[in-house]
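Read off the chains here:
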Amino acid sequence: MTDMLGGLAQEVVSGIALGCIYALIALGFTLIYKATEVVNFAQGELMMVGAYVNFFIVTALLDIPMLDGALGFLLAFAGAVAFAFLFGTFLDLIINRPLKDEPVFSVIMATISMAIILRAVMALIAGPMTRLPLSPFGSGVIKVGGLFISVHDLFIISSAIVLVCGFYYFFNRTKWGIAMKATSEDPMAASLVGIPVKKVYRNVWIFSMVVATIGGVLLAPRTLLDTNMGFLGLKAFPAAVLGGFGSVPGAIVGGVIMGVIETVSMGTLSFYFPWVKEINDIVVWIVLIAVLMIRPAGILGREEIERV
Amino acid sequence: MADLVIENLEVHFSGVVALDGVSLNVREGEVFSLVGPNGSGKTTLFNCISGFVTPLGGTIDYGDLDLLSKPPHSIIATGISRTFQNLQNIPYMTVLDNVLLGNHSRIGNRETVRRWISRRQRELEEERALEVLDFIGLANYEQKYLSGQPYCIQKLVEITRALVSQPKLILIDEPAAGMNDQETMEIAKIIGEIRDYLGITVLVVEHDMSLVMAVSDRVCVFDSGNVITIGEPAEVKAHPEVISAFLGESVVA
Amino acid sequence: MKLRKPVTLILLITFFLACAGREPTPGVTDTEILIGNIQDLSGPMKELGMALPHGSNLYFNYINDKGGVHGRQIRMTMEDHQYNPQKAVAAAKKLIEQDQVFCLYQIIGTSPCEAIRPMLEENGIPLVAPATQSGTMSDRSKTGWKYIFHTDTGYDKQANILVDYAYELNASAKVGVIYQDDDYGENVLEGIAEAEARHGVTIQKEAFQRGATDFAGQVMNLNKGGATHVIIGGIVREPIIVMKTAAAMGYAPQFLGISPTMDHRVALGSGEAGEGFIAANFAQLYNSDTEGAELYRELFEKSGTDPKVMGMYNFYGFITAMVLVEGLERAGKRLTRDGLIKALEGVKGYDGKGVFRGITYGPNDRAGTEAVVLVENRGGTQRIISDWIE
Amino acid sequence: MKGRYDEENLKWIAPLIILVIVLPFLLRGATFSYRYYLYVLNIAGIYTILTVGLDLLSGYTGLISLGHAGFLAIGAYTSAVLVDQAGVPFGLSLIVSPLITGLFGILVGFPALRISGMYLGLTTMGFGFIVRRLIIALRTWTEGSAGLEVSKPVLFGFTFANDWHNYFLIYLFVIVVVVFARRVMKSKIGRALMAIRDSEHAAQAVGINLVRYKLFAFFLSAVLAGLAGVLFAHTMRFISTDHFDILLSIYFLIMVLVGGVATIYGAVLGTLFIVLLDFLAIPLFKDWLASFMAVQVADIQSLIFGCIMFLFIIFQPMGLYGMWLKMRIYWKLFPFNPKIKQT
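Residue numbers (this note's numbering), protein chains in the order written: chain A, 1 to 308; chain B, 1 to 253; chain C, 1 to 390; chain D, 1 to 343.
No lab work stands behind these hints: they were computed from the structure. From the three backbone atoms N, C-alpha and C, an ideal C-beta is built for every residue, glycine too. Hints are not guaranteed to be accurate.
What the hints assert, rightly or not - Some chain B residues flagged as far from chain D (calculated, every beta-carbon gap over 10 Å):
| # | residue |
| --- | --- |
| 1 | E10 |
| 2 | D97 |
| 3 | I243 |
As the list claims (entries may be wrong) - Only pairs whose alpha carbons sit at most 35 Å apart, straight line, appear in this in silico DSBU-like list of lysine-lysine:
| # | chain 1 | residue 1 | chain 2 | residue 2 |
| --- | --- | --- | --- | --- |
| 4 | D | K326 | A | K199 |
| 5 | C | K353 | C | K142 |
| 6 | B | K168 | B | K70 |
| 7 | A | K100 | D | K152 |
| 8 | B | K144 | D | K326 |
| 9 | A | K100 | A | K199 |
| 10 | C | K174 | A | K277 |
To be verified - On the chain C side, residues computed to face chain A include the following (Cβ under 7 Å):
| # | residue |
| --- | --- |
| 11 | L34 |
| 12 | Q209 |
| 13 | A216 |
| 14 | R237 |
| 15 | G276 |
For reference, chain A alone in the conformation it holds in the complex (with noise of 0.2 Å):
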């Protein structure tokens, strides 16, 4: 029995980490979806990019002797976050302004076209080699009570935290969080009041290419980094709908929820039960379509009400 405990505890954890991963991608697409409700399914690709781009600029200091440590990491990372500015402005310009009178289905079909585009320059520049990144936090374990967590792990969670935190303090408490969601709720009215739309959408690509960059120099190192690493995408997208698209404390709650529920249906669900074994890699779906049977708009998410 403790057995069984202690083994579920060391999954929580594990699944907490996880979830987390899921979260910093889910937290990306929240924030488009939230301004626009459009659903980028570049999602995953724009997290790949500022990896690759991470690791180019890490690569590539790692030639400069003063540069090939800690300091090296963190000019990269500024310099992986610099682009992700540019980068997102660039696909505000490309996809959010040409599109921006059409059905949202358009926008949505864009961005899928978009992942395509993306997956195919990153394979170009980087080849079809899988790449070692290592951690920049090392490869320590801490070790509390029995349970095991990586140095690395840790800092997954508390970037997601930390950034779940202050984008929930952005969007309720500062002028531009507010004009932000009034700009969602009705965007007629917001560019009324006078809230720059076009500069409320721009900022919201840019925000959730920098999320997408700092997931992606997290993940690389657990996941390696190919360029098919997009995909994830597909997995963090359970995520932000069981949480509440558009929610972005729903992002982390979905996150954990569904990164949890996957390892310990890996685990000790599948250990003691054999017959989850089957299932186990549709567990998470099911949850997720029995939540939104009874809860249609996620667990955080708001439901629209029509009038008539």
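Knowing the structure of chain A, use the given hints to seat chains B, C and D on it.
Only chains B, C and D this time, still in chain A's reference frame:
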């Protein structure tokens, strides 16, 4: 005797009282207007009749039928059709198709299949819809897509759609909202014709007093979910409570 | 000597038949043999999609520089299937119909290869050395088996051998397996089931999805189940993450790998966690001192490619090219598809300059080699620690 | 009643059908590798049947499905198991398997009564994964993830042995499905579905039973996907879980959008466009490109695909069919008034 009889209707929305024991009856063949300030419960009453809102208490009977026991999509079968305050049109269909949509409840499965096979059947159906469009005065618009049409045309299309199902009672929600004087008079004329030529009872919600006074047989004044008074237009206009409450001097004589 | 007369006669007859308007063999001219290859160039296995044909071309170019096969240069044309069986069939049709290739070679992935079976039979076109180690490739109950010449030891056999090896290391071992939940894993499980029956044990099995990046649950389970020897049926990323996850949990079984995990990047990427990792391989290593490996390294250096490409997958492309060339050599000057099949059926114990244990085909045998060597990771390099095991 | 557009479009149907029949002969005359082109056209035909169904569901009714590859898989596996293992004749399976798939459609439709938009898209995506898992779990019949060989279609004693035969089999169904779907969508049912998409309230007010029609849309869509699946299994002759990837479902939606949402011809055009682009144009273009560029051409291949898609959506958001309509009006008015008239 197909009168619409509403008794003691009570609706609450999460604590807010929308209708507070409303009773009224609409006689066959008349134009009955509901007036009152925003939020006084007129549209809620409509929604109760057409089944979108389930009231807390009270009854709605139409002839011998208990309307409250019916789901929204069965209401039209009892001979009641409606339009909406916020346009509820299908923008990417032509005007004609929008109107044909109103025919939905009149086409059974067998007739649907017959229409798949026979072009003549389809044409007959379309001719009937065209007649109604003609009646409203939209005959030139049949092929146009609804998206991009002016507001007043869209509003009229909605009325046509409600008419094409050949109802006995039609509920029209704010037909003159957002229209200029000329268009309002046009609508008033149409409402009168619906009653006079088609013999359909009309229940209308409207803010524009000129329209209400022009066409109504009887007027019911609402405030905060209560009926203040019911009577002929002239009576109501003279009613002291009504004047003091909200009509004031804005009444156009 | 007695045979000479009938052989000349047959040759003469075929010659006359050929003159009497027989169509020439597709893809074969006096100066060139065109072979078709379908790789995953932009899907989940694109990493291999680049490395394999590159290795093959090293050898083909080497042969071409020496004057080709019977005076014909070998040219390889490539299509992409993105690991989608349907695209694989479309690509195969294109190669056969439009490009008129002589034979198919090295198509990667089990389900793409399975999907083109009906086409092989329809067109009578051989597929040499499909780049999958699935034992189903040489299964004679399937459509078009006659046309597939499998070179590698099946995953099932490898799994079987690895279980045996685990018990050899430690008679009281408890074996677990973590496998990819697809056709690859299915074939591994077949071998495992066989081994279970032979040893009278149950082996703990944990599955993961193709493309998975997190294995915490499965590793936890293996730990709880007390597995002392864990067989990994993954490719490159999976063994690295599995071993790292285990290390992070303070769980240290002996890890064993099926041949796709044999890439040197597993040794590089897993670092300390992968110390002592043993993987099976159906051929000698690319850095071994066999004649074939030496030739490979020499050619690779001459080609001036990015040294990162050098490795097991690249070498794999190289050695299967040797098998194809051997078949083409044997098929003789007058090259036909049937001729190639006949010629390959005559291959017995071909060792590819010391790289293979011995590739053997027969009229009813398409399995190629059935032996493996074991390779161990020590300090970031790999070395062979065993003889051939069958 | 002159000028009603659906009657007007009838003019195009006869020549199109003739083109469909003549095309393989033309191809055979024009090129020796016609069978490769036929194969690609066959894929396009099968997908067309499915995307027409998807258009009914996602385009007309507005219920987004990201799980249609799942329906395709159910149709394919059901038929493969019925024909090859239960001995049901192919002709019967052509009717039974789509109906079974339709039942799954109703099952998936139930969440749609409550869930909408992207949430529904995700639920159906989950369905796609569940189907894949189901196929693996039922390995007694489906051989798990190893894939299943399927027999050739046999109808009235005639065996459809190659792509040439299959072409006619598939396109017979394509024509029937397209004509049928157009007719249905121009009738009461099509109007009802569009009403549900744009205004559920108006739909209910005119007497449309939301539950029944939403489930019906799912049923019809799944039946068509199931039909496509049956044809898929028996003409491709090998099916595996790799065929019915989640990405395929996304591609189906792209096909519908590229063609033009809520137009049957749009679904047909979009599917042809994407399949031909993906399977034919780009591989051929790639050969040409490779002749003077020594690069990893595969990535360029998907880059071109992505770019064409992207530019298309940016510049032609109304889809191919919208483009065609504009062109037609333009040519009609050409000598007199080259300015496109607004409708």
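Hint-by-hint comparison with the structure:
1. E10: For E10 (chain B), whose nearest Cβ neighbour in chain D is about 23 Å away, the distance exceeds 10 Å, so it holds.
2. D97: violated, 6 Å
3. I243: Check passes; 35 Å lies beyond 10 Å.
4. D:K326 x A:K199: holds, 34 Å
5. C:K353 x C:K142: Given pair K353 (chain C), K142 (chain C) holds - Cα atoms ~32 Å apart, limit 35 Å.
6. B:K168 x B:K70: OK: K168 (chain B) and K70 (chain B) at ~17 Å, within 35 Å.
7. A:K100 x D:K152: Since the Cα atoms of K100 (chain A) and K152 (chain D) sit roughly 49 Å apart, the hinted pair is violated (cutoff 35 Å).
8. B:K144 x D:K326: holds, 15 Å
9. A:K100 x A:K199: Between K100 (chain A) and K199 (chain A) the Cα gap is close to 13 Å, so the pair holds against 35 Å.
10. C:K174 x A:K277: holds, 20 Å
11. L34: Constraint on L34 (chain C) not satisfied, violated at 25 Å.
12. Q209: Holds. Min distance 5 Å.
13. A216: holds, 4 Å
14. R237: holds, 5 Å
15. G276: violated, 17 Å
The structure fails to meet hints 2, 7, 11 and 15 from the earlier list, while all remaining hints are met.
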